[in-house]
Amino acid sequence: MQKIKLTNKTIFNIACVAIVVILLGYLQATEIENSYAITIIERSCIYAVAAVSMNLMIGFTGQFSLGTAGFMCLGAYITGIFTMPIEIRDQVYYLYGMVSFIHNIQVPLVVALLISGVIGAIIAFLIGWPVLRLKSDYLAIATLGFSEIVRAVLGWDGLGKITNASYGLSNIPAFSSIFQAVIICGVCIALMLLMINSSYGRAFKAVRDDDIAAEAMGINLFKTKQLAFVVSSFFATVAGGLMAVFLRSAATSTFTVALTYNILLMVVIGGIGSVSGSVLGAFLITAGQEWLRFLDKEYYIGSFKVPFTRTGFRMVIFSVLLMLFVLFWNKGIMGSKEFSFDWFKNIYISIKRRIRRKNNA
Amino acid sequence: MTISYFFQQLLNGLSLGGAYALIAIGYTMVYGILRMINFAHGDVFMMAGYFAIYSMAAFPWQLSLPIVIIGTIVLGVVIERIAYKPLRTAPRMSVMISAIGVSYFLENLANYLFTAMPQSYPQIDILKQIHTFGDITVSRVTIIAPIITIVLTFLLMTLVNHTKLGMAMRACSKDQDTARIMGIKVDRVITMTFVIGCGLAAIGSILYFTDRNTVQPYSGSLPGLKCFVAAVLGGIGSIPGAMVGGFIVGICQIAITAAGYSVFSDAFTFVLLIFILIIRPTGIFGEKATDKV
Amino acid sequence: MKRSLGLLLATSLIATSLIGCGESSSSESAQTAGNGDVIKIGVFEPKTGENGSGGAQEELGIEFAHSVRPTVTVGGKEYTIELDWQDNQSDKTVAATAAQKLISDGCVGVIGGYGSGTCIAAGSYFSDAMIPAIGTSCTNTNVTLGNDYYFRVCYLDPFQGTVMADWAIDQGYTEIATIDNIGNEYTSGLVQTFKDEYEAKGGTIVTAETFQTNESDFKAILTNIKNSGVKAVFAPTDYVYAPLLLNQAADLGLEVQWIAGDTWNNPVLTEDAGDNAEGVVLDCFYAEGGNEEFDAAFKEWINSESKYLEANLGTDNIIGNQAMCYDAYMVMCDAIESANSLDGTAIRDALASITVEDGVIGGTVVFDENGDAKKNTTYVLEVKDKAFTFVEEVTHGE
Numbered sequence: 001m002q003k004i005k006l007t008n009k010t011i012f013n014i015a016c017v018a019i020v021v022i023l024l025g026y027l028q029a030t031e032i033e034n035s036y037a038i039t040i041i042e043r044s045c046i047y048a049v050a051a052v053s054m055n056l057m058i059g060f061t062g063q064f065s066l067g068t069a070g071f072m073c074l075g076a077y078i079t080g081i082f083t084m085p086i087e088i089r090d091q092v093y094y095l096y097g098m099v100s101f102i103h104n105i106q107v108p109l110v111v112a113l114l115i116s117g118v119i120g121a122i123i124a125f126l127i128g129w130p131v132l133r134l135k136s137d138y139l140a141i142a143t144l145g146f147s148e149i150v151r152a153v154l155g156w157d158g159l160g161k162i163t164n165a166s167y168g169l170s171n172i173p174a175f176s177s178i179f180q181a182v183i184i185c186g187v188c189i190a191l192m193l194l195m196i197n198s199s200y201g202r203a204f205k206a207v208r209d210d211d212i213a214a215e216a217m218g219i220n221l222f223k224t225k226q227l228a229f230v231v232s233s234f235f236a237t238v239a240g241g242l243m244a245v246f247l248r249s250a251a252t253s254t255f256t257v258a259l260t261y262n263i264l265l266m267v268v269i270g271g272i273g274s275v276s277g278s279v280l281g282a283f284l285i286t287a288g289q290e291w292l293r294f295l296d297k298e299y300y301i302g303s304f305k306v307p308f309t310r311t312g313f314r315m316v317i318f319s320v321l322l323m324l325f326v327l328f329w330n331k332g333i334m335g336s337k338e339f340s341f342d343w344f345k346n347i348y349i350s351i352k353r354r355i356r357r358k359n360n361a
Numbered sequence: 001m002t003i004s005y006f007f008q009q010l011l012n013g014l015s016l017g018g019a020y021a022l023i024a025i026g027y028t029m030v031y032g033i034l035r036m037i038n039f040a041h042g043d044v045f046m047m048a049g050y051f052a053i054y055s056m057a058a059f060p061w062q063l064s065l066p067i068v069i070i071g072t073i074v075l076g077v078v079i080e081r082i083a084y085k086p087l088r089t090a091p092r093m094s095v096m097i098s099a100i101g102v103s104y105f106l107e108n109l110a111n112y113l114f115t116a117m118p119q120s121y122p123q124i125d126i127l128k129q130i131h132t133f134g135d136i137t138v139s140r141v142t143i144i145a146p147i148i149t150i151v152l153t154f155l156l157m158t159l160v161n162h163t164k165l166g167m168a169m170r171a172c173s174k175d176q177d178t179a180r181i182m183g184i185k186v187d188r189v190i191t192m193t194f195v196i197g198c199g200l201a202a203i204g205s206i207l208y209f210t211d212r213n214t215v216q217p218y219s220g221s222l223p224g225l226k227c228f229v230a231a232v233l234g235g236i237g238s239i240p241g242a243m244v245g246g247f248i249v250g251i252c253q254i255a256i257t258a259a260g261y262s263v264f265s266d267a268f269t270f271v272l273l274i275f276i277l278i279i280r281p282t283g284i285f286g287e288k289a290t291d292k293v
Numbered sequence: 001m002k003r004s005l006g007l008l009l010a011t012s013l014i015a016t017s018l019i020g021c022g023e024s025s026s027s028e029s030a031q032t033a034g035n036g037d038v039i040k041i042g043v044f045e046p047k048t049g050e051n052g053s054g055g056a057q058e059e060l061g062i063e064f065a066h067s068v069r070p071t072v073t074v075g076g077k078e079y080t081i082e083l084d085w086q087d088n089q090s091d092k093t094v095a096a097t098a099a100q101k102l103i104s105d106g107c108v109g110v111i112g113g114y115g116s117g118t119c120i121a122a123g124s125y126f127s128d129a130m131i132p133a134i135g136t137s138c139t140n141t142n143v144t145l146g147n148d149y150y151f152r153v154c155y156l157d158p159f160q161g162t163v164m165a166d167w168a169i170d171q172g173y174t175e176i177a178t179i180d181n182i183g184n185e186y187t188s189g190l191v192q193t194f195k196d197e198y199e200a201k202g203g204t205i206v207t208a209e210t211f212q213t214n215e216s217d218f219k220a221i222l223t224n225i226k227n228s229g230v231k232a233v234f235a236p237t238d239y240v241y242a243p244l245l246l247n248q249a250a251d252l253g254l255e256v257q258w259i260a261g262d263t264w265n266n267p268v269l270t271e272d273a274g275d276n277a278e279g280v281v282l283d284c285f286y287a288e289g290g291n292e293e294f295d296a297a298f299k300e301w302i303n304s305e306s307k308y309l310e311a312n313l314g315t316d317n318i319i320g321n322q323a324m325c326y327d328a329y330m331v332m333c334d335a336i337e338s339a340n341s342l343d344g345t346a347i348r349d350a351l352a353s354i355t356v357e358d359g360v361i362g363g364t365v366v367f368d369e370n371g372d373a374k375k376n377t378t379y380v381l382e383v384k385d386k387a388f389t390f391v392e393e394v395t396h397g398e
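Chains as they are written, first to last, in UniProt numbering: chain C, 1 to 361; chain D, 1 to 293; chain X, 1 to 398.
Bound conformation, chain C alone:
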């Protein structure tokens, strides 16, 4: 048996996990007072899965695919259908009536997520065949279009007996605790990380950096792209399922093009080609959007009204910040680096060096 070495790095990692567990445990214990914080964390985690899955395509394989919202919509509906309590179904489907063959199927959340992921992956496999042959802009617009098509099909009253059309599903059981949400998201991200660090991941990067050279090295371009697309769609669909559980409802109106853009901006801010960057981006943007809410209120100092702050100002500030990022620091916060112990160590060392230099001077 291999002896586990207690390097600084492992200690650091264990400490990080422990801190997170303690924090989450505290939040869970004080669930009612901190329900708002829990909401933000769960939402961020779900967006993080979606962002990493998008980054897998955009950042690691270099394919500008914008179909994330469509897959999420699919995942939300499938997960909703399979997890909704049976006794409430007739009430939710009061307009159409639910078809009998799925009416009495209710499965645990993880199984439902897996089902939706697999369906998402199969659909990705099928549409990947025509769509992935397209180049950058065309791929972007075709996948965007695909996501609108998914939304239309799910919202179509012809399928109302299965999907309840665009009235959507409600009363989906919530996460049993914040741990469930965080662990599922963590496992998803870890799986994608493993994939990226495997030989498949290196093939993705080869395709991104130079597709001709990659082909010359014996990498099958199309198969590699398709693999990335299928894996990315699998996790995007799962993220959609998680979203449905988080919102406790699924409706097509949630999964518009704007959602894709939102996730894209998380990827960009975090750093295209960095998993930890995407996670960081998801947390920063979700939390930032919530915390900047104070900009949406009107303030009066005496009779003087503080200028500019009113409904909508928050999002303007936010989009300006985003534009500044895109224009002046388009590598994002993390660039293509990953968040790790070494990263902290390097910062620590460089700060120390600077202080020393200052002291010497």
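Everything labelled a hint here was simulated from the structure, so no lab data went into it.
Be a bit skeptical, because a hint or two may be false.
[Claimed, not checked] Anything over 12 Å on all C-beta distances counts as not near chain D; from chain C, calculated:
id, residue
1, ALA18
2, LEU27
3, GLN91
4, PRO108
5, ALA190
6, SER198
7, TYR261
8, ILE355
[To be verified] Here are the simulated EDC-like cross-link-like pairs (lysine to aspartate or glutamate), alpha carbons at most 20 Å apart as the crow flies:
id, chain 1, residue 1, chain 2, residue 2
9, D, LYS174, C, ASP209
10, D, LYS128, X, GLU278
11, C, LYS297, X, GLU82
Ideal Cβ placement from N, Cα and C applies to all residues, glycine included.
Chain C is fixed; fit chains D and X onto it per the hints.
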């Protein structure tokens, strides 16, 4: 289905298609020269709607129409200067992300400045007059829209084919570096492209919103994407192609809605796109069309 | 240079986040500190989005009620009521967040809101947190069905649909077209109940047109309606679509009797559709003139501040929804006092058995086993000379 019903629906489709065509031309020209999808174009179109609301509140319509067009052009050029020009040498993906960022910004800005509530679009009496031909009743704008579109398209084609500026545009679209070596001021040509594109979008917006009576911050995003599809359908880079594409998309949308499948009216456009990209990626007018801007 | 600029941006982003965080936590602590004699009642309304102006108008009703009755007495102690406004943005997703915000703010009860879809989305959060909610103008059956904590003071779609169907039949319209907004619980529910009653009474629905949320081009479906040759159209859409439908119908030369639901009782209709709105018939929860005292007080209050007047779209006309909001607030206060407790379950139990006769505008409030107020009266209005004029009061059943 009576004949008058058919013509009424056809007119609805043509007037929608005319507005789409004018926006699609903006996409096709920018794509022709910069090789980028100007995702913000639809939102520029939406902003033109708000400009009209506010200028029409202050000035008579004869004066406000030029104001709207000029305002939209200024907006478009400013966007190009701030968001696209610094990224001219950056990878294509960065430019596209920047365009998406601008679109996001414009939507949020409109939401802040004009609130998310739909605002009613001012009615220009001369455009709203109602004509009756037998069973068919149409407002004047419905008839005017396709005519204006066709006239403007021909004017633009003349500009591109027979003027010095047009020649410079064609040169830039073929090869920017060579064009620069030949003494063409590429940046000026790009600016002019945005001027023309946004000017047409402003006219398109007047036709579109007069017919639909209302503007809200998101009314540009989906029409924008559809117009890009129209441009691809006609053959990206081709001006008559964009016009034909615009009409096809508009008529299809009306036909599908009239058939009771309103849920697919947006999605169908994208089905069409994926289909055309597989069958004939160069679009209807393809590469052979000479008016590649 | 670029790098440092980027770092600056990142730090500013984080800093603003932290400031925001500090700000929100400090306000929360202030709230707990002042918990001694202040209680919060949540207001769950759309302030932005498609129902934004309707929500803003409803808020006026609640704010007016609050100004009339700013305190409640529980256990011999007087508590000041603070209204906690949350914007659900007319969006089901945001509705969930807004509901959770209300819960984490510690509201003892919730009032709202405009639009059934958002209320259905938020309902389960309130019941899980055991906080009673009183719906103001969400008429869809599913808001309260199966939810022990959601009550409502207005009537329901089946009632409303029945009344309008009967009205159409009485006026001699035996053929009609309906316009349904797919994805909107309110509209679809109402169209469904209208259809059931209308067909049971022998009418025929010649064409049933549908459109998607956020649509702005109705020419295709209006041309279909014109082609079908009906004389009346039932279109209980959200009010934002009303001027579009009316104006575009006028463009197409479609001259029909428009019949709508309570949502069209909104000044937007007369303002944006102008002459095209003349003759539209709709029903509503309360018609001006039903309670002179209330009308006068409300008008005075609206005119007292320009921001109220602005939120009411520049007029002091009262819409039915505002009366419902007023009632919902009063019923909530009565329930808190009758429960003599600030506990959610106790207030819920009080609501379930309460009878409020005094101080409400839209008639006695008694809740049935689903939590719906037993209401059997509606007011039919017609648009005449750009104003909603009272046509008749319809009482149905019971």
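Hints, verified against the model:
1. Against the 12 Å criterion, C:ALA18 stays outside the reach of chain D, whose nearest CB is about 37 Å from its own CB.
2. Separation of C:LEU27 from chain D is adequate, the least Cβ-Cβ distance of about 31 Å exceeding the 12 Å criterion.
3. For C:GLN91, the condition that its CB be more than 12 Å from all CB atoms of chain D holds, with the nearest at approximately 24 Å.
4. The beta carbon of C:PRO108 is kept farther than 12 Å from every beta carbon of chain D, the shortest such distance being approximately 32 Å.
5. Interface exclusion of C:ALA190 from chain D stands, the closest Cβ pair being 27 Å apart, more than 12 Å.
6. No beta-carbon of chain D is positioned within 12 Å of the beta-carbon of C:SER198; the least distance is around 24 Å.
7. Listed as a non-interface residue, C:TYR261 fails to keep its Cβ farther than 12 Å from every Cβ of chain D; the least gap is roughly 5 Å.
8. Distance check for C:ILE355 against chain D: the nearest CB is about 35 Å away, which clears 12 Å, and the non-interface claim stands.
9. Of the pairs offered as hints, the one joining D:LYS174 and C:ASP209 is violated, with about 26 Å between alpha carbons and a cut-off of 20 Å exceeded.
10. Note on D:LYS128 and X:GLU278: the hinted pairing holds, with a Cα-Cα distance of about 19 Å set against a maximum of 20 Å.
11. For the hint pairing C:LYS297 with X:GLU82, the CA-to-CA distance comes to about 17 Å; that is within 20 Å, so the pair holds.
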